[in-house]
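Peer 1: Protein sequence lines correspond, in order, to chains A and B. Just remember that this note's numbering sits 31 ahead of the position in the first sequence, which is counted from 1. Just remember that this note's numbering sits 1 ahead of the position in the second sequence, which is counted from 1.
It is worth saying that the hints were derived from the structure and are not from the lab. Treat the hints with caution; some may be incorrect.
[What the hints assert, rightly or not] Here are the simulated lysine-lysine pairs, DSS-like style, with alpha carbons at most 25 Å apart:
1. 769/B x 190/A
2. 846/B x 105/A
3. 847/B x 53/A
4. 515/B x 142/A
5. 591/B x 146/A
6. 7/B x 46/A
7. 8/B x 46/A
8. 495/B x 166/A
9. 146/A x 7/B
10. 165/A x 515/B
11. 687/B x 701/B
12. 774/B x 110/A
13. 211/A x 190/A
14. 105/A x 676/B
15. 46/A x 17/B
16. 591/B x 676/B
17. 166/A x 515/B
18. 701/B x 142/A
19. 46/A x 846/B
20. 105/A x 769/B
21. 8/B x 105/A
22. 847/B x 46/A
23. 110/A x 771/B
24. 110/A x 847/B
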Amino acid sequence: MEKIVELKNVSKVYKIGDNEFKALDNIDLSLNKGEMIVILGPSGAGKSTLLNLIGGMDTPTNGEVIIDGENISKYNENKLSDYRAENVGFIFQFYNILPSLTVKENVDIVKDIVKNPISTDEALQGVGLLEHSKKFPNQLSGGEQQRVSIARAIAKNPKLLLCDEPTGALDSKTGVEVLKLLRKQCDANNGSNTVVIVTHNSLIAEISDTVVHVKNGKIESVIKNESPKKIDDIKW
Amino acid sequence: MGTLNKKIFRDIWKNKSQFITIFLMVFLAVFAFAGVHAYMDGMRESSKIYYENQNLQDIWLTSENFKVDKLEEIKKIDNVKNVERLLTINANVIDSERFINPDNNKPISDLVIECNFIETNDINRMYLMDGEEYSKDKTGLWLDYYLAKNIGIKVGDELELSIEGNNFKEKVMGLVEVPDHVYFIKDESAIFPAHNDYGFAYLSINEFPKNYIYDKVLETDEVQDAINSLKDLKDILSKYGITDYSKIPSIITNEIDGIDDIDLSKALELLDNYKEHKEEFIKALDKDFKIEDTYIFTYAIADVDDTSKVNETKNKIKDSVNDIITATLRDDNFSYEGYKREAEEGDTYSGVFSGLFVFIAILSVVTTMNRFVKKERTQIGTLKALGIRKSKITRMYVNYGLFISIIASILGIVLGNLLIGNYFLEMEMVYYEIPYYNIVTIPLVYEVAVGIVIIITLVTYLSCRRILKEPAAQALRIERPKVKVKENGFTTKKVFNKLSLSTKWNIRDVARSKARTIMAVVGIAGCTMLVVTAFGMFDSLKAYVAWEFETINNFGYKLSLSSDYTNKQYDEIISKYGNNTSQTVGIEFKNKDDIVIKTLTINDSNGLLQVTDHSKTPFKMKDDGLYITEKMAQVNNLKIGDIVEWHIVGSDNWYKTKIVGLNRDPQSQAFNCTKIFFDTLNEEYKADSVYTNNDLSNIKEIEGVNTIQTKKNLEDGMNSMLNMMYSLIIVLIAVSIILAVVIIYNLGILSFTEKEYQFATLKVLGFKYKQIKKIFIKQNIWIGVFAIIIALPLGNYMTDYIFKNAIGDSYDFEAMIKPATFIFSGIGTFIVVYIVNQFLAKKIKKIDMVSSLKGNE
Numbered sequence: 032m033e034k035i036v037e038l039k040n041v042s043k044v045y046k047i048g049d050n051e052f053k054a055l056d057n058i059d060l061s062l063n064k065g066e067m068i069v070i071l072g073p074s075g076a077g078k079s080t081l082l083n084l085i086g087g088m089d090t091p092t093n094g095e096v097i098i099d100g101e102n103i104s105k106y107n108e109n110k111l112s113d114y115r116a117e118n119v120g121f122i123f124q125f126y127n128i129l130p131s132l133t134v135k136e137n138v139d140i141v142k143d144i145v146k147n148p149i150s151t152d153e154a155l156q157g158v159g160l161l162e163h164s165k166k167f168p169n170q171l172s173g174g175e176q177q178r179v180s181i182a183r184a185i186a187k188n189p190k191l192l193l194c195d196e197p198t199g200a201l202d203s204k205t206g207v208e209v210l211k212l213l214r215k216q217c218d219a220n221n222g223s224n225t226v227v228i229v230t231h232n233s234l235i236a237e238i239s240d241t242v243v244h245v246k247n248g249k250i251e252s253v254i255k256n257e258s259p260k261k262i263d264d265i266k267w
Numbered sequence: 002m003g004t005l006n007k008k009i010f011r012d013i014w015k016n017k018s019q020f021i022t023i024f025l026m027v028f029l030a031v032f033a034f035a036g037v038h039a040y041m042d043g044m045r046e047s048s049k050i051y052y053e054n055q056n057l058q059d060i061w062l063t064s065e066n067f068k069v070d071k072l073e074e075i076k077k078i079d080n081v082k083n084v085e086r087l088l089t090i091n092a093n094v095i096d097s098e099r100f101i102n103p104d105n106n107k108p109i110s111d112l113v114i115e116c117n118f119i120e121t122n123d124i125n126r127m128y129l130m131d132g133e134e135y136s137k138d139k140t141g142l143w144l145d146y147y148l149a150k151n152i153g154i155k156v157g158d159e160l161e162l163s164i165e166g167n168n169f170k171e172k173v174m175g176l177v178e179v180p181d182h183v184y185f186i187k188d189e190s191a192i193f194p195a196h197n198d199y200g201f202a203y204l205s206i207n208e209f210p211k212n213y214i215y216d217k218v219l220e221t222d223e224v225q226d227a228i229n230s231l232k233d234l235k236d237i238l239s240k241y242g243i244t245d246y247s248k249i250p251s252i253i254t255n256e257i258d259g260i261d262d263i264d265l266s267k268a269l270e271l272l273d274n275y276k277e278h279k280e281e282f283i284k285a286l287d288k289d290f291k292i293e294d295t296y297i298f299t300y301a302i303a304d305v306d307d308t309s310k311v312n313e314t315k316n317k318i319k320d321s322v323n324d325i326i327t328a329t330l331r332d333d334n335f336s337y338e339g340y341k342r343e344a345e346e347g348d349t350y351s352g353v354f355s356g357l358f359v360f361i362a363i364l365s366v367v368t369t370m371n372r373f374v375k376k377e378r379t380q381i382g383t384l385k386a387l388g389i390r391k392s393k394i395t396r397m398y399v400n401y402g403l404f405i406s407i408i409a410s411i412l413g414i415v416l417g418n419l420l421i422g423n424y425f426l427e428m429e430m431v432y433y434e435i436p437y438y439n440i441v442t443i444p445l446v447y448e449v450a451v452g453i454v455i456i457i458t459l460v461t462y463l464s465c466r467r468i469l470k471e472p473a474a475q476a477l478r479i480e481r482p483k484v485k486v487k488e489n490g491f492t493t494k495k496v497f498n499k500l501s502l503s504t505k506w507n508i509r510d511v512a513r514s515k516a517r518t519i520m521a522v523v524g525i526a527g528c529t530m531l532v533v534t535a536f537g538m539f540d541s542l543k544a545y546v547a548w549e550f551e552t553i554n555n556f557g558y559k560l561s562l563s564s565d566y567t568n569k570q571y572d573e574i575i576s577k578y579g580n581n582t583s584q585t586v587g588i589e590f591k592n593k594d595d596i597v598i599k600t601l602t603i604n605d606s607n608g609l610l611q612v613t614d615h616s617k618t619p620f621k622m623k624d625d626g627l628y629i630t631e632k633m634a635q636v637n638n639l640k641i642g643d644i645v646e647w648h649i650v651g652s653d654n655w656y657k658t659k660i661v662g663l664n665r666d667p668q669s670q671a672f673n674c675t676k677i678f679f680d681t682l683n684e685e686y687k688a689d690s691v692y693t694n695n696d697l698s699n700i701k702e703i704e705g706v707n708t709i710q711t712k713k714n715l716e717d718g719m720n721s722m723l724n725m726m727y728s729l730i731i732v733l734i735a736v737s738i739i740l741a742v743v744i745i746y747n748l749g750i751l752s753f754t755e756k757e758y759q760f761a762t763l764k765v766l767g768f769k770y771k772q773i774k775k776i777f778i779k780q781n782i783w784i785g786v787f788a789i790i791i792a793l794p795l796g797n798y799m800t801d802y803i804f805k806n807a808i809g810d811s812y813d814f815e816a817m818i819k820p821a822t823f824i825f826s827g828i829g830t831f832i833v834v835y836i837v838n839q840f841l842a843k844k845i846k847k848i849d850m851v852s853s854l855k856g857n858e
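Generate coordinates for the entire structure from the input sequences, incorporating the hints supplied.
Peer 2: Here's what the structure looks like:
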């Protein structure tokens, strides 16, 4: 299968005072295009660091991060911005939508940075929020806010959708809704979109195509899930 | 050190930019406030102590002559504690060329000393700077310390003085300063005191040149009649061959009135050479003649027991004692009033400035502290969840602002006193003769500093308590910014839909962060207003000088005539330099129950001394009444058409005259009229000034003229006096600009900190630095531009307020700010806003997306 993400000998070291902390320790990892990938591990394992490096939010201390054939680890600030704008959609645990913009405007904002975004209405329709488009974020529930965040991410029509604990702040029912949307995004564009979910919730791993186990800054295992469960079948 | 205390110091270090700006704002405000007060209050308090110690008189009196019995009469009036009389006359120093004028390093051609001959010195006591104490029985003179210091006269030096040709020598016994000569100028045409070619001296009345008195006595009609009679008698006696005047037949002597008082034989003997034997001759004419009885004391000074009744006492003296020409109080005294006005002038404008500094700084610091505590919300929640008592948590957060504001306030007071206070007090006191002066810190300064600390502490306390009121679990969660639909709904409709997202985002952010926005507008507008006002004061003072010297004074030279010029000298002067003259007389006019003393200028200058109307345009006065300056009309509630009842000081002729017009003068509030009108009153016109545009640059002396002044000299004098004000304005401008930079920086930091996580989100989405910077700067530029637009007219209003209401009734000028000043102040502030925000925008580059977003979680 075609590779979308390749990490070669990647390390990330943080300096805290005089001490060094290895968040990622010389890892190699390949992720396939069109898959829903779950990165699983306990707190402090390095999974979010991994996601940040893939998303161009951070740069490795050593090694290469190759996305769709391009080594982004050498990119400067501007090129990284372009990379994030054109290729990556982010979804966070606490949504990070802009409180001063309406639902529609929060999605519209991507038009300023992406050449060929999908229409805002289509994105909102996709997450079922078209009728709330004129509301401000604080008028929405947590699940709805996360759906705005998904709409904003998918409006960019990104190659990679990176999600950091996307259901962490949601109840189970809303969490299921969100996961369904993520799967839908993965299956869109003839299955060419890739969704990477970072979580410590092993149940989510059951619906993924590939599960990457991270522990102590190292890749413990990469397991192919030959028969992913349907989302409605998982029990929270 | 407790763990919580460690946290305080670490937090301060972590948020050092904000805490440094808090420190700077409090420091600058207190620094300017304390500094300006230190010297203003120093001026006021020093003079108060000096006046009290040296017993400055409460009442000034003038009369034809204060004889002993009149003095006794005054002493008997209720509330009068003591009265002393003075004989004041100008003397020229002979051989003055031996002294060098420090201003031009040239020998002094004409050194004039105002000699005050006194008896006792219990009122208005001299302060001895060097030499020995004054006593009536001592010979010598006590000289103006300022003059002596300037031209190098020392105790023990001898000066030869001349009063109208009567020369006498006096040894300098002491160098003194005197409380009613704190502000002493040569004459009214001088603006600031130099004490280079004039000064004052005090001498015992016994030192008064006797020949001067004898000459005056011999000039009297009575003595001249006696001389003529003696001459006739001598002729008759010689016809009868009588040459032994001791044997004049009684048939003749019996015919002479008052013969018992006359030593006739001696008078006849001395008659031919009486000018060589003035004293003997006068004593021959009047056996009881005592020179003490002939001194003419035209001035008297009085001290009262109860100063609250001084006005009644003054009126009682004037009403009950005969021939009192004027009776005035301290506020009418040139020296007292001039000094007081100077202290009060600065007091008002610097008070307005430093008050605003404090207001803006408090507003800014309070907002910052409030925001800081809000930012600490989750930490407060954590501490509460850990079980730490509310009071302990509150105390910890209160300590942030408390420590910083206390240190900044103390430093502000100390450095404000030392730097601004001392510097300006020294600079100001060059013009005034007060032997001891010091900066003073009045309780108000401490109260303001303590007030600032309390307000900051209180706001921090309230912000902290508000968070602590919430359950710990809730306080642990970050407070999500709320956008109220009611307030922002309009921005989702109509024209707003066409605006860019960044514009809409900023509009809503402004609406959401009202307190911060209002504080930003007030802060920037306040600082811009201060800058406009400070520069506006420059412009206005320059416009005032131009009004006085380019419009009103339309002459090249002003000749101030001697008080005793002869008709011949006068005719010669006007034939040479033109008949362009004026006379200024003191008048009293009735205003309801009060008698007000003012001056009347009779203008016959043919346009060389112009009179200007409301819009400062010269006009020609009509000849049918009095003109009054607008400010004086306003102060005394007078208007055109009113009838004023007035008289010239020293004359009993009261007139009722209609006010026929108003004029404006920037520095002299008085009555004006034409000579044609004045002549209709049958009063004698005696010019005291002649104006000319002839070139007098090579003329040093003119007979009958006291001083020759060029317009340029007058203007330079005015500018020298204003230099002090200019210097203070420069300091105020500097503080305003520094405060503006600090406040704009602080606002930028606040604005940035509050939006940091939103910028991090935009950065994650792929927005580039320039795009985010545009969003960030846009809002601050809007606020800046809006504040500047508000500030420009406010600056004009404030300048106007200072000039119109705060600088005393003798001045009349308003804000006259050049358009360029508004433009430069506006653009200047805008540039500061722009540069500071550009600088702050660099922080966007440093936003760590990961930790910003995690921090937000």
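Peer 1: Could you run down the list of hints and mark each one as holding or not?
Peer 2: Quick rundown of the hints versus the structure:
With a CA separation close to 20 Å, the supplied pair residue 769/B and residue 190/A stays within the 25 Å bound. A hinted pair counts as satisfied when its Cα atoms are at most 25 Å apart, and residue 846/B with residue 105/A qualifies at roughly 17 Å. This hinted pair checks out: residue 847/B and residue 53/A have alpha carbons roughly 22 Å apart, not beyond 25 Å. Only pairs whose Cα atoms come within 25 Å are accepted, and residue 515/B paired with residue 142/A is rejected, the gap being roughly 29 Å.
For the hint linking residue 591/B to residue 146/A, the alpha-carbon distance of about 87 Å lies beyond 25 Å, and the restraint is violated. Among the hinted pairs, residue 7/B with residue 46/A is consistent with the structure: their alpha-carbon atoms are about 23 Å apart, no more than 25 Å. Of the pairs offered as hints, the one joining residue 8/B and residue 46/A holds, with about 22 Å between alpha carbons and a cut-off of 25 Å not exceeded. Straight-line distance between C-alpha atoms of residue 495/B and residue 166/A comes to about 16 Å, which keeps the hinted pair within the 25 Å bound.
Of the supplied pair hints, the one linking residue 146/A and residue 7/B is violated, its CA atoms being roughly 51 Å apart against a limit of 25 Å. A C-alpha spacing of about 23 Å is found between residue 165/A and residue 515/B, which places the hinted pair at or below 25 Å, so the restraint holds. For the proposed pair residue 687/B and residue 701/B, the alpha carbon gap of about 24 Å is at most 25 Å, so the pair holds. Taking the CA atoms of residue 774/B and residue 110/A, the gap is near 17 Å; set against the 25 Å cutoff, the hint holds.
With a C-alpha separation of about 18 Å, the suggested pair residue 211/A and residue 190/A falls inside the 25 Å cut-off, and the hint holds. As the CA atoms of residue 105/A and residue 676/B are separated by approximately 94 Å, the hinted pair breaks the 25 Å bound. Taking the CA atoms of residue 46/A and residue 17/B, the gap is about 22 Å. The hint holds against a cut of 25 Å. For a cut-off of 25 Å, the pair hint linking residue 591/B to residue 676/B stands: about 23 Å separates their Cα positions.
Of the supplied pair hints, the one linking residue 166/A and residue 515/B holds, its CA atoms being roughly 21 Å apart against a limit of 25 Å. Between residue 701/B and residue 142/A the CA atoms are separated by roughly 85 Å; this puts the pair beyond 25 Å, and the hint is violated. Taken as a hint, the residue 46/A and residue 846/B pair is honoured in the structure, with Cα atoms around 20 Å apart against an allowance of 25 Å. Using a Cα cut-off of 25 Å, the hinted pair residue 105/A and residue 769/B holds, with the two alpha carbons roughly 17 Å apart.
Of the pairs offered as hints, the one joining residue 8/B and residue 105/A is violated, with about 39 Å between alpha carbons and a cut-off of 25 Å exceeded. At most 25 Å may separate the alpha-carbon atoms for a hinted pair to count; residue 847/B and residue 46/A meet this at roughly 17 Å. About 13 Å separates the Cα atoms of residue 110/A and residue 771/B, which keeps this hinted pair within 25 Å; it holds. Of the pairs offered as hints, the one joining residue 110/A and residue 847/B holds, with about 16 Å between alpha carbons and a cut-off of 25 Å not exceeded.
In summary, the structure is inconsistent with hints 4, 5, 9, 14, 18, 21 from the numbered list given earlier, while agreeing with the others.
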